[in-house]
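Trainee: Sequence:
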Amino acid sequence: MKKRSSTVAQFKAAALGCGFAISLASIQAVAASRDYISIVGSSTVYPFATVVAERFGKTTPHPTPKVEATGSGGGMKLFCSGVGTGHPDITNASRRMKSSEFKKCQNGGVKDIVEVLIGFDGIVLANSLKAPQMSLSRKDIFLALAKHVPAPKSMQDEFTSAKTLVANPYKTWKEINPALPDMKIEVLGPPPTSGTRDAFAELALEGGCKKISWIKAIKKRDKRGYKEICHTIREDGHYIEAGENDNLIVQKLNANPNALGVFGFSFLDQNADKVQGSLIEGQVPTFDTIADKSYPISRPLYFYVKKAHMGVVPGIEGYLAEFISEKAWGGEGYLAEKGMIPLSADVRKANGDDIKALKSMSGEGL
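Residue numbers (this note's numbering): 254 to 619.
Computed cross-link-like contacts, PhoX-like style, restricted to lysine-lysine with a CA-CA straight-line distance of at most 25 Å:
#, residue 1, residue 2
1, K311, K609
2, K546, K469
3, K416, K464
4, K416, K406
5, K546, K351
6, K609, K364
7, K580, K319
8, K392, K406
9, K580, K591
10, K469, K351
11, K463, K476
12, K427, K400
Beta-carbon label-pair distances, calculated as ranges:
#, residue 1, residue 2, range
13, A610, K580, 16 to 24 Å
14, A525, S388, 14 to 22 Å
15, L611, M408, 53 to 61 Å
16, S615, G583, 25 to 33 Å
17, S388, P422, 16 to 24 Å
18, L619, P314, 33 to 41 Å
19, D475, L619, 19 to 27 Å
Since the hints were derived computationally from the structure, they do not count as laboratory data.
Heads up, the beta-carbon is just placed ideally off N, CA and C, and yes, glycines get one too.
Start from the sequences, fold in the hints, and give me the full structure.
Mentor: This is the structure we're talking about:
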């Protein structure tokens, strides 16, 4: 009884500190409702968080944390919705928190957030080992998947020039680039709530979009219009939203050798007996090419911790300690074995010190 009273008092202090007016009865109900860590967010970070959670559950007296793959955007929405054990303690993300999300957290009473950069991952365009390996440029990817593209020569006339945007007319890869196979453009990928989708749009589509000089010039006068051109994916059946389950995409690629799938490198690494990564700008996605950034579609991975829940939900500090231990996120750690690209030793040391100090993020630079 004494332990529960202490927990209630801790949560009451945390809630009031965040500006929440909550009745003692509701605090008691919420505080008594959960003794395990609740983690939501990125499907890419999901396998890494899961293996850490399983080890934490086996080596400590605490229950194994519950990890759910809701997508980075979905996780942020849940995380920022409020303080209290009815809300998640941690959200994983395959991109950095956006400024708009930080503001939503602040407005939702989630004032103190610890940001944890855990490593890197590449985004791959993969296909079945039954099919030839693809070699694509980012411009190829943009022309294949953007909703609007420059009018091809076959559509140019006195009213339509090369600097006119049209609804994407391309049906096959060969129509885009004669060096590519005469195969239907069919790409399975994540939905808009996914951090992988955000990063893919920024790194792959925009990376190819800005290769077209007249579109790149639009950015100087109309950033919103430029982003709409470069980031908006076609909706005519050539890009198929396959949900947040990357394992399901791998299964579908195995069943359809003509399709390509968009997902994180770790899933490629774990399914190397079924699928292969396309070359992007001549670079094969590997641990080394992602770590040295020669592979052009790579991104950082994060998770975010609700500081108000520490000391209220048991075990959060221990979970953090397990995740940032050298046996986990180190160069030879078990997360590298799962496909995560480790941070350098210096960055791990600096980040680890900030995490141990529970340094709250300021929101600047988002």
